[in-house]
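Chains as they are written, first to last, in my numbering: chain A, 102 to 318; chain B, 102 to 318; chain C, 308 to 543; chain D, 308 to 543.
Just so you know, not all the hints are guaranteed correct.
Unchecked claim - Ranges between beta-carbon positions, derived for each pair:
#: 1; chain 1: B; residue 1: V228; chain 2: C; residue 2: N354; range: 24 to 34 Å
#: 2; chain 1: B; residue 1: G230; chain 2: C; residue 2: N354; range: 21 to 31 Å
#: 3; chain 1: B; residue 1: D171; chain 2: C; residue 2: E507; range: 21 to 31 Å
#: 4; chain 1: A; residue 1: K146; chain 2: C; residue 2: N390; range: 53 to 63 Å
#: 5; chain 1: A; residue 1: K246; chain 2: C; residue 2: A318; range: 20 to 30 Å
#: 6; chain 1: A; residue 1: V297; chain 2: D; residue 2: K449; range: 20 to 30 Å
#: 7; chain 1: C; residue 1: S321; chain 2: A; residue 2: T114; range: 41 to 51 Å
#: 8; chain 1: B; residue 1: T315; chain 2: C; residue 2: K449; range: 22 to 32 Å
#: 9; chain 1: B; residue 1: Q309; chain 2: C; residue 2: N354; range: 53 to 63 Å
#: 10; chain 1: B; residue 1: P186; chain 2: C; residue 2: E507; range: 24 to 34 Å
#: 11; chain 1: C; residue 1: D310; chain 2: A; residue 2: Y143; range: 16 to 26 Å
#: 12; chain 1: D; residue 1: K528; chain 2: A; residue 2: K246; range: 36 to 46 Å
It should be emphasised that the hints constitute simulated quantities derived from the structure, not laboratory data. All residues carry an ideal CB built from backbone N, CA and C; glycine is no exception.
One letter stands for each residue in the lines below.
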Amino acid sequence: MKNQDETIGWSRTEMAWRAAQDIPDSTYVNLGVGMPVMVAQYIPKDREVIYHTENGLLGMGPVPPKESIDLELINAGNEPVTALPGSCYFHQGDSFAMIRGGHIDICVLGAMQVAENGDLANWSTGVPGTVPSVGGAMDLVAGVKRIFVITQHCTKFKEPKLLQECSYPLTGKKVVSRVYTDLAVIDVIDKGFKLVELAPGITFDYVQSKTGATIHQ
Amino acid sequence: MKNQDETIGWSRTEMAWRAAQDIPDSTYVNLGVGMPVMVAQYIPKDREVIYHTENGLLGMGPVPPKESIDLELINAGNEPVTALPGSCYFHQGDSFAMIRGGHIDICVLGAMQVAENGDLANWSTGVPGTVPSVGGAMDLVAGVKRIFVITQHCTKFKEPKLLQECSYPLTGKKVVSRVYTDLAVIDVIDKGFKLVELAPGITFDYVQSKTGATIHQ
Amino acid sequence: MIDKRVASLEAAVSGIVDGATIMIGGFAAAGSPVELIHALIDQGSTNLIIVNNNTGSGHIGMAALIENDRVKKIITSYPRTANSVVFPEYYKDGKIELEIVPQGTLAERIRAGGAGIPAFYTPTAVGTPLGEGKEVRSFDGKEYILEYGITADFALIKCKTSDRYGNLLFDKTGRNFGPIMAMAAKTTCAQTSEMVELGEIDPEHVVTPGIFVNRVVTVPKPVHESVYIEQGRVYP
Amino acid sequence: MIDKRVASLEAAVSGIVDGATIMIGGFAAAGSPVELIHALIDQGSTNLIIVNNNTGSGHIGMAALIENDRVKKIITSYPRTANSVVFPEYYKDGKIELEIVPQGTLAERIRAGGAGIPAFYTPTAVGTPLGEGKEVRSFDGKEYILEYGITADFALIKCKTSDRYGNLLFDKTGRNFGPIMAMAAKTTCAQTSEMVELGEIDPEHVVTPGIFVNRVVTVPKPVHESVYIEQGRVYP
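Build the full structure now, drawing on both the sequences and the hints.
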């Protein structure tokens, strides 16, 4: 079997596409910085999804062409965006009331580590001296109804990111519902990780070998 | 000396006028139902005061003529009012954030009883079987910077309303700054009641005789 | 497609079960969703716990809900309003439970419920009968009491303008409890005077974002409580 | 007469003393009151405690405030932004204190400070390093931590439109922390792009009521942080 570096399994866009298939129609969704943002491009056309960005916009649209960038209209990743018809602006108190109050249906986030009990670490490696920056990540995982993680199955040093326990500082305890990796889609259920789907050409044993905890079939 | 029923001292309008003289320019003021509302009519013309009504309007204006009454534009006393230029509407969470957060400068309220330590009772006689109704009174006294009380000096049964201790259920503890009655203006200071001003023709001894606690001169 | 519009008042209140907690907007008659309340009476659910700032006037709207024996308990700040003839009788006869809450504490409890805050400390009611039995705690030498967030199964509110996403604009002081109740209920049902196309409401002007709203029914000419009262109307 | 207008940026920031706590609006560069921050640098006060969601970019605005050695401590959710070159150096060298707070907890603490709520419970950060050492309490079987309201001596915020009462409208996602910081500061100073007559702002559209605002200075064409950064500008 080929090495992960040789792009077996799903590519980044395929991962985003796969996650997008699980976003139901008529939902409110918050997408984290990086790969999560790509998910929006692959939502099936017959579904209407409203995007929340925690800096204060509901109804966020795609990045505008350069000539129509408005510097006061950005997303939580500090990128220029647009506001679609039916959108609205609000302040940070209200924005996090939406999050903490359980009004957002799905949040898709990146991860450094996910534990089999759903613990998530995605904000800090805990290395002394680095500047810790949390942003809205802890609020999102504490408040949004379902947390999807989208991440490479292993780190660039080929270490598993899906583990029995996170070694990095936690973002939240028992918060992750489902993980989309380049190798598989995996749910977090009461007894641990459970396989939902394998990427084309990937075997269960291979996924298990790249995972730091048992995957239930 | 004449009996209180024979209208010695200040009339109701004079009491309202007297209180109005103590409302400084450029203040945010909340006026309770009844006599307190009358205060607005007597603010010196060179002062600009913005009225807050806790049901959700800042910049409240006077009662409109009948033909221009809008049933969705009322004050906290359920009376039709107007909205002046520069006014704004807000919801109850924000309205009481203004109150509780100490953003309102002065509130003028009626009273059943005021104690010499500033305790106020103005929402319930505590008689069993009556329907208790508090509205925003407890929030106002807990949050507004200065609480003025405007009230007849005695009840209609000629019992003193200014007392050593309130016998009725409290609205708030140590909240009243100043009291305007038909007989006098009285401050609440650390050691108790203190005379500020006597109504025309009223003696200190007379006021003291109608008061259930010592008035300091 | 995200479409919060429902075709009828009946559809707006469907699914409310006996014993449900229902927040109902309005301060006195302003903002009171009279048509939705009447639809709730028609719908028939009972043993309701109602959160409303008042108890209604005359024999219509909120008062009619009580008079039709649907309300087990009311959480309110000011039950003793003008023309409140039904509630005092029910209260005197022990036919309704009353939880009296200072208006600002009621508002903050609703807002907290909607914002995922289970409890908070407030200076309101400290040292009064409404603070009795509550946890007291000092911060910076001043006393506060602990109050709890409230949530509800349904909210019935009245607004002026909506789009199909459920973005809402309100009408003057009729706004009152609408926006915070919308946040605090699992299912928020709004009656609106007008329904506009997406994009017609300026995103800077939206008062209640559609995320807090589940059903919107258009009632083009809502009748104000006071009009029914003048007519001596009794519902149903 | 109620008139919150001040004639200059200098007047807007006058009276800020050494050691003051100052809330500064903005999320990344959107809504950042660059001109007011520069006026604060000119004004000279030091040992400041700053509440800001980020730590600034390049060598202007928020970053320049740090680089001019005015900031003793910063309370923030996300210090590690793009082009944040000043803060990391100061942090590494132990020249600035950092209190890191989840963004929603930061927002709620500010809102609580402005609303007279001394403390509240939140689910955010439970079981994480940012929840460590904090009081934990269960409500309905779920754990929450106690967080405290924050107030400030001054708030510096940026808006789009104001009238002389200080009623404010904001510009898109530049709104972010402005409205809640305005509530939480003793003296709130807003820079506005335009000043309009009383009554020109629809009372239904006001975002920040003037009661939360003390001083408004008109900066007709505010310069966006990114423009200064492209120019390689260093303040002063």
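Hints versus structure:
{"no.": "1", "hint": "V228(B) with N354(C): 24 to 34 Å", "verdict": "30 Å, holds"}
{"no.": "2", "hint": "G230(B) with N354(C): 21 to 31 Å", "verdict": "25 Å, holds"}
{"no.": "3", "hint": "D171(B) with E507(C): 21 to 31 Å", "verdict": "23 Å, holds"}
{"no.": "4", "hint": "K146(A) with N390(C): 53 to 63 Å", "verdict": "55 Å, holds"}
{"no.": "5", "hint": "K246(A) with A318(C): 20 to 30 Å", "verdict": "25 Å, holds"}
{"no.": "6", "hint": "V297(A) with K449(D): 20 to 30 Å", "verdict": "27 Å, holds"}
{"no.": "7", "hint": "S321(C) with T114(A): 41 to 51 Å", "verdict": "42 Å, holds"}
{"no.": "8", "hint": "T315(B) with K449(C): 22 to 32 Å", "verdict": "28 Å, holds"}
{"no.": "9", "hint": "Q309(B) with N354(C): 53 to 63 Å", "verdict": "57 Å, holds"}
{"no.": "10", "hint": "P186(B) with E507(C): 24 to 34 Å", "verdict": "26 Å, holds"}
{"no.": "11", "hint": "D310(C) with Y143(A): 16 to 26 Å", "verdict": "23 Å, holds"}
{"no.": "12", "hint": "K528(D) with K246(A): 36 to 46 Å", "verdict": "43 Å, holds"}
Hint compliance for this structure: no hint is broken.
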